[in-house]
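Each protein sequence line maps, in turn, to chains A and B.
Plus 1 on top of the position in the first sequence (first one is 1) and you've got the numbering used here.
Plus 17 on top of the position in the second sequence (first one is 1) and you've got the numbering used here.
Certain hints may be false.
[What the hints assert, rightly or not] Below, in silico cross-link-like pairs of lysine to any residue (SDA-like), each with a Cα-Cα straight-line distance of 25 Å or less:
1. A/Lys287 to A/Gly432
2. A/Lys511 to A/Tyr533
3. A/Lys149 to B/Val385
4. B/Lys490 to B/Leu71
5. B/Lys416 to A/Asn150
6. A/Lys149 to B/Gly375
7. A/Lys287 to A/Phe67
8. A/Lys351 to A/Gly197
9. B/Lys211 to B/Val385
10. A/Lys101 to B/Gly374
11. B/Lys416 to A/Ile44
12. A/Lys358 to A/Gly99
13. A/Lys153 to B/Gly375
14. A/Lys153 to B/Cys333
15. A/Lys184 to B/Pro334
16. B/Lys416 to A/Ala193
17. A/Lys101 to B/Val382
18. A/Lys593 to A/Ile580
19. B/Lys449 to A/Gly197
20. A/Lys153 to B/Arg438
21. A/Lys149 to B/Arg372
22. A/Lys153 to B/Pro381
23. A/Lys153 to B/Gln491
24. A/Lys149 to A/Asp348
25. A/Lys184 to B/Leu192
26. B/Lys490 to A/Lys149
27. A/Lys153 to B/Glu447
28. A/Lys184 to B/Tyr477
29. A/Lys184 to B/Ile78
30. A/Lys149 to B/Pro334
31. B/Lys416 to A/Lys593
None of these hints come from the bench; they were simulated from the model.
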Amino acid sequence: MGNYIPLLITVPCIAALLILSIPGRVRFVREAIAVLAVTVNLIVTLILFRGNATFSMPWAGFGFEFILRMYHFSGFIVLATAGFGFLVTIYSTVFMNGKKYLGQFYAYLLLSVGATNGAVLADNLALMLFFWEGLLLFVFGMIAIGGKNAFKTATKSFIIVGISDLCMLAGIALAGYLCGTLKISAISLPVAGLSGVAFVLLVIGAISKAGSMPFHSWIPDAAIDAPLPFMAILPASLEKLLGIYFLARITLDMFKAIEGTWASMLLMIIGVITILLAVMMALIQKDYKKLLSYHAISQVGYMILGIGTMVPAGIIGGLFHMINHALYKSCLFLTGGSVERQAGTTDLTKLGGLLRKMPVTFTCFFIAAASISGVPPFNGFFSKELVYDGALERGFIFYAGALLGSFLTAASFLKLGHAAYLGTLREEHKGVKEAPLPMLVPMIAIASVCVFFGLWNSFPLRHFIQPILPAESGAPSLPIATGAPLSTGLVVMTLIALAAALLNHFYGYKKTGSGVKASDHIHYAPALRGIYDKAEQGILDPFNIGMHWAAFVSRVGWLCDRAIDWLYNVLIVQASLLIASGIRRLHNGSYKTYILWSLAGLVFVIYFLLRTV
Amino acid sequence: MDNVILLLIVGIPIIGSCILPYVGRMSAGLRNILALGFVSASLAGSLMLVPDVLAGKIPSITFSFPLGCNFILCADRLAVFMAIVSSSVGAVVIVYSFGYISHYRHQDEYYFMVVLFLGAMMGIIFSGNLIFLYVFWEITALASWRLIGFYREPRDVLRADKAFLVTVFGAFVMLLGFLMLYNQTGSFDLAAIKASLKTNPLPDMAVFLILIGILSKSATLPFHTWLPDAGIAPSPVTALLHAAVLVKIGVYVFARLFLVTFTVSGIWHTVVPWVAAISALVSAGAALVDTDMKRIIAYSTVSQIGFIFLGLSVGCPVGAAGALLFILMHGLAKGGLFLCAGIVEHNTGTKNITRLGGLIGTMPVTAVSFLFCAFSVMGIPPFGGFFSKYLVLAGAVEKGQMLVAFTFLAGAVLTILYLFRLFNMVFLGEAKGAPAREGSPVMVLSVTLLAALSLVSGIYINYPAHFAQAIVKQMSGM
Numbered sequence: 002m003g004n005y006i007p008l009l010i011t012v013p014c015i016a017a018l019l020i021l022s023i024p025g026r027v028r029f030v031r032e033a034i035a036v037l038a039v040t041v042n043l044i045v046t047l048i049l050f051r052g053n054a055t056f057s058m059p060w061a062g063f064g065f066e067f068i069l070r071m072y073h074f075s076g077f078i079v080l081a082t083a084g085f086g087f088l089v090t091i092y093s094t095v096f097m098n099g100k101k102y103l104g105q106f107y108a109y110l111l112l113s114v115g116a117t118n119g120a121v122l123a124d125n126l127a128l129m130l131f132f133w134e135g136l137l138l139f140v141f142g143m144i145a146i147g148g149k150n151a152f153k154t155a156t157k158s159f160i161i162v163g164i165s166d167l168c169m170l171a172g173i174a175l176a177g178y179l180c181g182t183l184k185i186s187a188i189s190l191p192v193a194g195l196s197g198v199a200f201v202l203l204v205i206g207a208i209s210k211a212g213s214m215p216f217h218s219w220i221p222d223a224a225i226d227a228p229l230p231f232m233a234i235l236p237a238s239l240e241k242l243l244g245i246y247f248l249a250r251i252t253l254d255m256f257k258a259i260e261g262t263w264a265s266m267l268l269m270i271i272g273v274i275t276i277l278l279a280v281m282m283a284l285i286q287k288d289y290k291k292l293l294s295y296h297a298i299s300q301v302g303y304m305i306l307g308i309g310t311m312v313p314a315g316i317i318g319g320l321f322h323m324i325n326h327a328l329y330k331s332c333l334f335l336t337g338g339s340v341e342r343q344a345g346t347t348d349l350t351k352l353g354g355l356l357r358k359m360p361v362t363f364t365c366f367f368i369a370a371a372s373i374s375g376v377p378p379f380n381g382f383f384s385k386e387l388v389y390d391g392a393l394e395r396g397f398i399f400y401a402g403a404l405l406g407s408f409l410t411a412a413s414f415l416k417l418g419h420a421a422y423l424g425t426l427r428e429e430h431k432g433v434k435e436a437p438l439p440m441l442v443p444m445i446a447i448a449s450v451c452v453f454f455g456l457w458n459s460f461p462l463r464h465f466i467q468p469i470l471p472a473e474s475g476a477p478s479l480p481i482a483t484g485a486p487l488s489t490g491l492v493v494m495t496l497i498a499l500a501a502a503l504l505n506h507f508y509g510y511k512k513t514g515s516g517v518k519a520s521d522h523i524h525y526a527p528a529l530r531g532i533y534d535k536a537e538q539g540i541l542d543p544f545n546i547g548m549h550w551a552a553f554v555s556r557v558g559w560l561c562d563r564a565i566d567w568l569y570n571v572l573i574v575q576a577s578l579l580i581a582s583g584i585r586r587l588h589n590g591s592y593k594t595y596i597l598w599s600l601a602g603l604v605f606v607i608y609f610l611l612r613t614v
Numbered sequence: 018m019d020n021v022i023l024l025l026i027v028g029i030p031i032i033g034s035c036i037l038p039y040v041g042r043m044s045a046g047l048r049n050i051l052a053l054g055f056v057s058a059s060l061a062g063s064l065m066l067v068p069d070v071l072a073g074k075i076p077s078i079t080f081s082f083p084l085g086c087n088f089i090l091c092a093d094r095l096a097v098f099m100a101i102v103s104s105s106v107g108a109v110v111i112v113y114s115f116g117y118i119s120h121y122r123h124q125d126e127y128y129f130m131v132v133l134f135l136g137a138m139m140g141i142i143f144s145g146n147l148i149f150l151y152v153f154w155e156i157t158a159l160a161s162w163r164l165i166g167f168y169r170e171p172r173d174v175l176r177a178d179k180a181f182l183v184t185v186f187g188a189f190v191m192l193l194g195f196l197m198l199y200n201q202t203g204s205f206d207l208a209a210i211k212a213s214l215k216t217n218p219l220p221d222m223a224v225f226l227i228l229i230g231i232l233s234k235s236a237t238l239p240f241h242t243w244l245p246d247a248g249i250a251p252s253p254v255t256a257l258l259h260a261a262v263l264v265k266i267g268v269y270v271f272a273r274l275f276l277v278t279f280t281v282s283g284i285w286h287t288v289v290p291w292v293a294a295i296s297a298l299v300s301a302g303a304a305l306v307d308t309d310m311k312r313i314i315a316y317s318t319v320s321q322i323g324f325i326f327l328g329l330s331v332g333c334p335v336g337a338a339g340a341l342l343f344i345l346m347h348g349l350a351k352g353g354l355f356l357c358a359g360i361v362e363h364n365t366g367t368k369n370i371t372r373l374g375g376l377i378g379t380m381p382v383t384a385v386s387f388l389f390c391a392f393s394v395m396g397i398p399p400f401g402g403f404f405s406k407y408l409v410l411a412g413a414v415e416k417g418q419m420l421v422a423f424t425f426l427a428g429a430v431l432t433i434l435y436l437f438r439l440f441n442m443v444f445l446g447e448a449k450g451a452p453a454r455e456g457s458p459v460m461v462l463s464v465t466l467l468a469a470l471s472l473v474s475g476i477y478i479n480y481p482a483h484f485a486q487a488i489v490k491q492m493s494g495m
């Protein structure tokens, strides 16, 4: 059984190479290969994912071992990857039709699936890094094919993710050295001293892959520039799965991080800050895709917060939120794609009233938006309640931050839904039709899973999430009927927050008379306006700040270099000339001077001879 | 049999190079083929030695001379590895030169010097005697002096003089170090010196003097500025000198003397990494500021050489293996970058990146090859550079040199930044000036070959990695 595991990597990669080798004139063949590859991948995954198996073969040595390990956790992630890969490929066959660089698009998509499988299955840190960092290339390629100026965003994302991958490389080297092995399942370290450094470095790698702050700022840019299915498959689902998967591996397996340590505090703080800042940015966006991309950042905060609590309820909540988020966020991006394709724009100020024209898309949007906002009984509600439960256990402030994030999330989705689907239909959108079937099917499929995971949440919790936790940690008591530990107080608070979001939306709508401007009273509030302006100009973008630092460092390096060059080009030359001119002055052609020199030399020679004798 | 091969590896290019100018008077084509043939002969010979050295044999050949100056050639795994890397990149560069150099004057001298240079490189690699090592070392200095000043403009000649003076100054200082060793042990033979020193480390003063020679040849801070200045040479020459061969001489001799043959006192395991770290950071910074395409890549070389020194000097097998792989990967990828830059310069007439742009539209193959090589230099999997970078840093971490490792990490970040800046400004964005054509077929073929090798060496990493492992085993076993 283990011998079939590499198929999950080789099948997508070989298909990708095949697609790249087919010339652009040949139609449908590339789509067919892509669909075939993801289908085979899905089937193989379905056969394999329940088992426990390993595959190993000799590799480069020096701790580099090619070991793949399929067990309940990696199997779960691989299954999710295969599902998203399949659905997004089906969606793309219509969405990407007629676009440029089609072959490259499918190749990168398949390679991303292959690399994700590799990174998840790897049981060796170096092997994992190989696939993990390799993903960077495909992200770069995917964004770069988005348009003429997309390469700037592509470069930005490459640099940001590349830097965090380098941190992870250092962390892996350090962890491998401290433990004497790179085998993930054999590593066990405390979080103190040097291994604390390793922990932080690995966490940086994991959370930046998931898109947490401060490594987030390429995602909103990519939302504008990259082809839309890229957003649905990578930042929304695969990278989240991968990043949070590895974060869980770090905190649960490799490092004995427990509640009350600084490591836990650090993660919770990052989580809450990410939730709040990103959702604040999402609230003021006027573009469908960009608004969603900020939520893709914000929601990571819940996962990090949940895992960072290090209490069972929080961890389960964080992991459940990971899969839920991948579901509803990819669904949301796909609805954004069908709006973009059918109505020709994603600018919210130019949209409106699409409900009547695209009812199926709207229904999917509604389910996914309700899930992300934490409306019962959809899946997002249950995972958020679990995260709240964990956060409250660790400190009221974390809970309050998370709840505030929930309020703002709901408010921004009310605004988005209102602006795009309600209100008056524009003249130019009179002829808009519902999206074609291959685009609807993936959306409907994902939306139904959202409903299913909400109503029967005990199914995913019992079968996928709970086995991940170490057996001895004691899972939280789950009521049998729903699965989630529903604390009445928390549910009431959530409902109050949602109601407040609704009131807030109506207040804003009444004040401005338009759905898209419903958040303006927050955007232009006296205290926030200045900060928002700065954020919109990119002054607060950590990438830009980092680039300023890099420019400074390189300027210093350049000056050092010039100073050293000056030594060679000026100082040494001048010194040689000076010495030469001094010596030249001694050879002035005067007979008397030469006699004097000769005599002095003779005296010196005689003295030297006498001394040695 | 092996002994004859060994003699031929060094002898064919050195003696053969001398007849190239005469052949060139009769037929340029024959001269080109012969030049390639001589270098390929070295490559083939080195490859033929592989099975034997992997089996643990160390072929050697000795001609006795008085005063400890015995002519000894000796092929261990390290030497064979290095010979394969240098001669293979050298062969690609010569193929590329067929297209690049074909319409310049002094071609006879060009091929003479290139082949002589590669022959002397083989001499350095296999030499088992310090004096002959020095002699071959100076032959490479002479050859590179002529090659850097190939265009014979006053500025070119000045830069060539600078490179020559700096490296020869270093070599003289190194010779003093060799003489010190001779005074102490009475021989220039590596084996004899080793026997006389027993397990004692080399005297610190001798290490210091030799190190100055090594650093000046390998263009490490503070002896590095001749390397960017030498970018005025023809691009195949810069590829050969800066990327693949010349700068690796110092690195190789470092490995040969301080790792394989002798031991050095512990202080050098801290001093050299720090020198390398500062060198890597400063030159990476300079690469991010400069606007001359070839100077940027040259600074990048200085920076990457720092990584190699780090791996060799931290004093653990993982680092050393990483450094050896680094020599291979960097030779391939950086050679490719220089050759791509050469195509761009050749067809647009400028090296100034502010006056270039949008070339991916007209020279897509060059652009993609450049990007591949750049990814390898950055150390992105699945390209080969990933493994070497990881192993070098792992070596530093393993020896507890955390601060050094983080300095190198900063250098690696800057590497990503300057290579992207270069790529974006040259190949992307708005086209400036007249659209340039793609390079000639042999030139494009050479760069795609190097780019493909960068990728293949990463995917089939087990072959080079196992060879590196075998070398390291031999190192620690001796």
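Structure-based check of all given hints:
About 23 Å separates the Cα atoms of A/Lys287 and A/Gly432, which keeps this hinted pair within 25 Å; it holds. Our distance criterion of 25 Å between C-alpha atoms is met by A/Lys511 and A/Tyr533, whose separation comes to about 23 Å. Simply put, A/Lys149 and B/Val385 have alpha-carbon atoms about 17 Å apart, close enough for the 25 Å limit, and the pair holds. A hinted pair counts as satisfied when its Cα atoms are at most 25 Å apart, and B/Lys490 with B/Leu71 qualifies at roughly 11 Å.
Taking the CA atoms of B/Lys416 and A/Asn150, the gap is near 45 Å; set against the 25 Å cutoff, the hint is violated. Only pairs whose Cα atoms come within 25 Å are accepted, and A/Lys149 paired with B/Gly375 is accepted, the gap being roughly 10 Å. Taking the CA atoms of A/Lys287 and A/Phe67, the gap is near 47 Å; set against the 25 Å cutoff, the hint is violated. Using a Cα cut-off of 25 Å, the hinted pair A/Lys351 and A/Gly197 is violated, with the two alpha carbons roughly 51 Å apart.
Taking the CA atoms of B/Lys211 and B/Val385, the gap is about 49 Å. The hint is violated against a cut of 25 Å. A threshold of 25 Å between alpha carbons decides the hint, and for A/Lys101 with B/Gly374 the separation of about 22 Å falls inside it, so the pair holds. Pair hint B/Lys416 plus A/Ile44 does not hold up; C-alpha atoms about 47 Å apart against a cutoff of 25 Å. A C-alpha spacing of about 24 Å is found between A/Lys358 and A/Gly99, which places the hinted pair at or below 25 Å, so the restraint holds.
About 13 Å separates the Cα atoms of A/Lys153 and B/Gly375, which keeps this hinted pair within 25 Å; it holds. Distance hint between A/Lys153 and B/Cys333 is unfulfilled; the C-alpha atoms sit about 40 Å from each other, more than 25 Å. Note on A/Lys184 and B/Pro334: the hinted pairing holds, with a Cα-Cα distance of about 20 Å set against a maximum of 25 Å. Of the supplied pair hints, the one linking B/Lys416 and A/Ala193 holds, its CA atoms being roughly 19 Å apart against a limit of 25 Å.
With a C-alpha separation of about 18 Å, the suggested pairing of A/Lys101 with B/Val382 holds against the 25 Å cut-off. A threshold of 25 Å between alpha carbons decides the hint, and for A/Lys593 with A/Ile580 the separation of about 22 Å falls inside it, so the pair holds. Simply put, B/Lys449 and A/Gly197 have alpha-carbon atoms about 51 Å apart, too far for the 25 Å limit, and the pair is violated. For the suggested pair A/Lys153 and B/Arg438, the alpha carbons sit about 10 Å apart, so the restraint of at most 25 Å is met.
Among the hinted pairs, A/Lys149 with B/Arg372 is consistent with the structure: their alpha-carbon atoms are about 19 Å apart, no more than 25 Å. With a C-alpha separation of about 18 Å, the suggested pair A/Lys153 and B/Pro381 falls inside the 25 Å cut-off, and the hint holds. For the hint pairing A/Lys153 with B/Gln491, the CA-to-CA distance comes to about 47 Å; that exceeds 25 Å, so the pair is violated. Restraint check: the Cα-Cα separation between A/Lys149 and A/Asp348 comes to about 20 Å, which is no more than 25 Å; the hinted pair holds.
Proposed proximity of A/Lys184 and B/Leu192 is contradicted: the alpha carbons are some 48 Å apart, above 25 Å. A hinted pair counts as satisfied when its Cα atoms are at most 25 Å apart, and B/Lys490 with A/Lys149 does not qualify at roughly 51 Å. With a CA separation close to 13 Å, the supplied pair A/Lys153 and B/Glu447 stays within the 25 Å bound. Using a Cα cut-off of 25 Å, the hinted pair A/Lys184 and B/Tyr477 holds, with the two alpha carbons roughly 21 Å apart.
Between A/Lys184 and B/Ile78 the alpha-carbon distance is near 45 Å, which puts this suggested pair outside the 25 Å criterion. Simply put, A/Lys149 and B/Pro334 have alpha-carbon atoms about 47 Å apart, too far for the 25 Å limit, and the pair is violated. At roughly 67 Å between alpha-carbon atoms, B/Lys416 and A/Lys593 are farther apart than 25 Å, so this suggested pair is violated.
The structure fails to meet hints 5, 7, 8, 9, 11, 14, 19, 23, 25, 26, 29, 30 and 31 from the earlier list, while all remaining hints are met.
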